[in-house]
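K.L.:
Chain by chain, the residues run as shown.
There are 4 protein chains.
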Amino acid sequence: MAGSTFGERLKMTTFGESHGEAVGVIVEGVTPGVELDEAYIQVQMDRRKPGQSSVTTPRKEYDKIRILSGTFEGRTTGTPLCIMLNNTDMRPSAYDDIKSMYRPGHADYTYEKKYGIRDYRGSGRASGRETAARVAAGAVARRLLERRGVSIVAYSLEIGGIRCETFDENVIERNAVRACDPSAAERMVELIERLAAEGNSCGGIVECRIRGVAPGLGEPVFDKLDAELAKAMLSIGAIKGIEFGAGFEAANMRGSEHNDQMDASGFLTNHAGGIIGGISTGDEIVFRVVVKPTSSISSPQRTVDMEGNEREIATIGRHDPCICPRVVPVIEAMACMVIEDHYKRQAALLDE
Amino acid sequence: MAGSTFGERLKMTTFGESHGEAVGVIVEGVTPGVELDEAYIQVQMDRRKPGQSSVTTPRKEYDKIRILSGTFEGRTTGTPLCIMLNNTDMRPSAYDDIKSMYRPGHADYTYEKKYGIRDYRGSGRASGRETAARVAAGAVARRLLERRGVSIVAYSLEIGGIRCETFDENVIERNAVRACDPSAAERMVELIERLAAEGNSCGGIVECRIRGVAPGLGEPVFDKLDAELAKAMLSIGAIKGIEFGAGFEAANMRGSEHNDQMDASGFLTNHAGGIIGGISTGDEIVFRVVVKPTSSISSPQRTVDMEGNEREIATIGRHDPCICPRVVPVIEAMACMVIEDHYKRQAALLDE
Amino acid sequence: MAGSTFGERLKMTTFGESHGEAVGVIVEGVTPGVELDEAYIQVQMDRRKPGQSSVTTPRKEYDKIRILSGTFEGRTTGTPLCIMLNNTDMRPSAYDDIKSMYRPGHADYTYEKKYGIRDYRGSGRASGRETAARVAAGAVARRLLERRGVSIVAYSLEIGGIRCETFDENVIERNAVRACDPSAAERMVELIERLAAEGNSCGGIVECRIRGVAPGLGEPVFDKLDAELAKAMLSIGAIKGIEFGAGFEAANMRGSEHNDQMDASGFLTNHAGGIIGGISTGDEIVFRVVVKPTSSISSPQRTVDMEGNEREIATIGRHDPCICPRVVPVIEAMACMVIEDHYKRQAALLDE
Amino acid sequence: MAGSTFGERLKMTTFGESHGEAVGVIVEGVTPGVELDEAYIQVQMDRRKPGQSSVTTPRKEYDKIRILSGTFEGRTTGTPLCIMLNNTDMRPSAYDDIKSMYRPGHADYTYEKKYGIRDYRGSGRASGRETAARVAAGAVARRLLERRGVSIVAYSLEIGGIRCETFDENVIERNAVRACDPSAAERMVELIERLAAEGNSCGGIVECRIRGVAPGLGEPVFDKLDAELAKAMLSIGAIKGIEFGAGFEAANMRGSEHNDQMDASGFLTNHAGGIIGGISTGDEIVFRVVVKPTSSISSPQRTVDMEGNEREIATIGRHDPCICPRVVPVIEAMACMVIEDHYKRQAALLDE
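Chains as they are written, first to last, in the numbering used here: chain D, 2 to 353; chain R, 2 to 353; chain F, 2 to 353; chain E, 2 to 353.
For reference, chain D alone in the conformation it holds in the complex:
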């Protein structure tokens, strides 16, 4: 696993298991001289932390971050930031009964096959807890992007088959599921509570919009902006697909429909989702990702143990019946990292 580093000029390297001592991240390449403090980062951490509402896991990690390096007198110095979170609510014993069984939908089996050894406590490195480190790094990138006038917002577009029909950015942080339609949000909350009671879970779709990005970002032919965003998103555990702009609908469109024509005021449509030829057009970047249903469910399922014996398993523990609300800040964080990194790469390309 040398896969814990992400980015080229703005770079993060994460560490930490769900029930180890701590999780954290080193962020390299941060522009020096920028005001940044722990409180700024904490705002994003609090959006991801468990226990925010009735629809999220009650595990109590206060997720209080500390900056251990890379700032001086309230400003970044250009040296690596290390941001750390201690794990404070570890209950490894809760996982004792599953240490020899592979939970369906979880990475237990694949980690075992890859490494030959597995920290089974709360999924170890494969836990969603690892994304806390990403959110911390993403907050640093967000700080840099603010100065460029770039804003990034993600939200639940669909949960368990219930789809938002309106879009109001102001309601997103005001409902427990981070949906963009308050009426859909109510039904989503009801559904999730019902599924929790049934010991089941559901998936959904999260949409992300990035505004204010200059045209010209992205590095053909392999490090296209959409390619990098796709990698960033698919690197989040629960995400199984991504589409830009018209996305999979493009399969049913004609060229005459899909092409974004222009007039003197700019593009007339945005089927491309703000990226053409792997380079930002200057228009809003829009993508959607599909979030699979939470793997941890308490209804019984068939599996095998490490010796290959057939077993039945019910995952008892503290889990989110739907990951969408808490994955929203993770998606934003990854998008922040990608966009800021590409601004820096473009600066390197054009520099004289």
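Where hints are given, some of them may not hold.
Facing chain F, from chain R, some residues (calculated, C-beta under 7 Å) [said to hold, decoys possible]:
(1) 345
(2) 348
(3) 352
Honestly, the hints are just simulated from the structure, not real lab data. The model shown is predicted, which means the values in this text are computed figures rather than measured ones. For glycine and all other residues, C-beta sits at the position ideal for the given N, C-alpha and C.
Since chain D is already given, all that's left is putting chains R, F and E on it; use the hints.
P.N.:
Just chains R, F and E now, kept in the frame of chain D:
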């Protein structure tokens, strides 16, 4: 643009514009001592080359590759392979009328914004011709994967709204659209011919299946196998989305449905698409990508020129009304590169 | 500064300033299943820590490391190790008088020019303290190399003009300067003590020998084994040059002298220093580095302040009058990282 | 061998064996819009090519380069440049007698051990011919540096024990050994001619000076400017050591001597060689490398063959008795790549 290199231990770096002297690729990290000749690679080139049938562009590039380095007496030496294709059917004059206009759906505008200069001849570096270099590199990776017993096949699952209803792998290379259902293939060909006559184009969905992959490939947390495949696929110009296994359908599933349960014989389902926690399960890897309708259409569209004046444009030239048939070998090539690279990374991890 | 990551398949990323909260390192790509605990790493830390003898700075950092992630039940898991050291003996006030002046030989001026901001407390990121993180990572690599039968030893060959005339590996850790000749060691200690009293410092030469390396490591043409070792060594603050085998003496040799001839038992000489064409020969790898005199001296020197005014400065503080003894474990650590990384790269190359 | 790529934002990937079809390089990340043509690059190629004088190998490679991509109408486009040289004077038969023997000082043995297969024709990939590709890439970097006012010059400081005693930059390109002292140059030429007649060879020292570099380049803590230059230089086959500024002399200096003090007009000395803390000071960057004696000599030497039998070998062929004169442009080329790359990285760091 330092984005022309892909891969870590098996690595390709491509060069070349559509109407420059040549396109080509350097492949680094190739296992030494493996039998490989130009004929083996040519087979894949011929699957991507233009002019194969009534539904592809009549541009005549024989796409005859030459290996300039990295082999000796019919075997790889472990040193970089350079594989080159001369451009033989260049007609730059055909593009003179569009050198100052941005074609809708094309990367003309974004290249201009990024680089401040643009090789407008046949889209230059943004041309699909660049993918010929990828297919050459992919053939090298395919050769290495054969020895591991891994096979990769892609095919058109849906074109212009017509979807395959049966799956017969044997028919794929026997119909002009590389569909897996011969009856759907006939209707697809008819549709494409009609669209060509109308000066229009259509999109589609290509599915890819990778078999024989050992469990354990993929490098959490960022270089997950699905994340790397997603980047690889989205780096192909016409592709606007990807989904693994159940994909976007997962948004409508419950955890109890989506989780792949196991018995002593293995996984009972494959909703995960052969990758869990970013690591291969050993099951078939399955993903689908959406291919946008070809941007080049001859029906008139609105655009602007470099001075910002509103103009009308009709892209005359030699183009595929649907990219699916020819993108199939490109998708396979990229998948070959990703899988072989991850075998090598896993070898590095476990090595003692 | 995105330059805080080193290595390809075995990779370290360091963070931390001299007088910040902590310094530390994330090590990625560690072979899973290997026994490793804090005590093993601590042995190396103790060799680098200050206050070991009369010739080293009395700053009291116990340099007690903690492993925060990547091990489970006493074994590595293949996930990133985070190893951290708190800074416990910070006296930032001691540096207040120099915050506006550039100390000769120090990186004060260059950090200011590069970043436009500078954590002046004890040189901040440019402090030798940063190398503690390298030693921790190097200990992990050393653990992996042990299993391969590779051993790495460095020692002071020359200090302040006094050169070792005998070589006894057993005495190295038994004298305060880590010299390979006990009689020279005594004179070196005397010299250093005298220079300390005079407020001056001296340089030296450290030699490193790596044994048991298999032939075949190194990645031409750019990532040659000697090229990577050279980068590793020159990345250590005080080191200003490196030479392999016969080194600069080769300038005075004829081809007939320098060439290492072979007979059936192997190489007859080792002027190449164990690396030919950038690849290990299987013979002992030998290189020497030059260590500049410690920049911090208390005798007065000319400099300027941030406003460009001419000033005089005497660096009062806790410093080593000669860096050689404490840089020895840092050199070994960097060598360990390079060699283990190249074993892993070779495994990736050859893997079938 | 995935080691054929060098650089981060300005990046080159080389290919080619000594007696294969061609050698060449892809240069990525080139600033777009810069005037560049083949003639500009050819000037540098001609400085490296064989057959320039009585002291270089008579092998006749006209080393005529072609740019295959990445420029348009005389300007760079920001897309990868592929620059190629055909091999025109191949005489593989000349190497038949040595295909089963390991030439002392050559990489025959190590390539065999690493790859298990070896292109023995003229050293294959390990040949000095590979550096032609570097010189081509370096010329591109030089073109970019010119616009920044940076100049790079290298020269033979010492050959076969004869050392330059004066420094006149204007004479360097006017003598066959590229020495900076015309009187020493005469004696060097005599020595080399005599050694050639005797079937022997000699080593030397090349010095490089880089002027006009802004302060602030270099990326601590691992990608320090001197560390990257060291790697670049040691990646050249014949180079066995490097030292910056005072170099190995620093071992005999006191801190009070070595420290570069400042007054209002800048640094009073340059013992650091223009780099402190891994970052350029703005002063001249000065380093020296040691060049080993050419391994190919016609006087008989002991070796073994592939079966381990003891043999005697005399390397007949076309070789330079001293590599210094022709390695000068290679050193400059590598330095150009490193410096321009670091300008681009600095632009990425500071970009807002």
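K.L.:
Which numbered hints turn out to be false for this structure?
P.N.:
Violated hints: none at all, because every hint is consistent with the structure.
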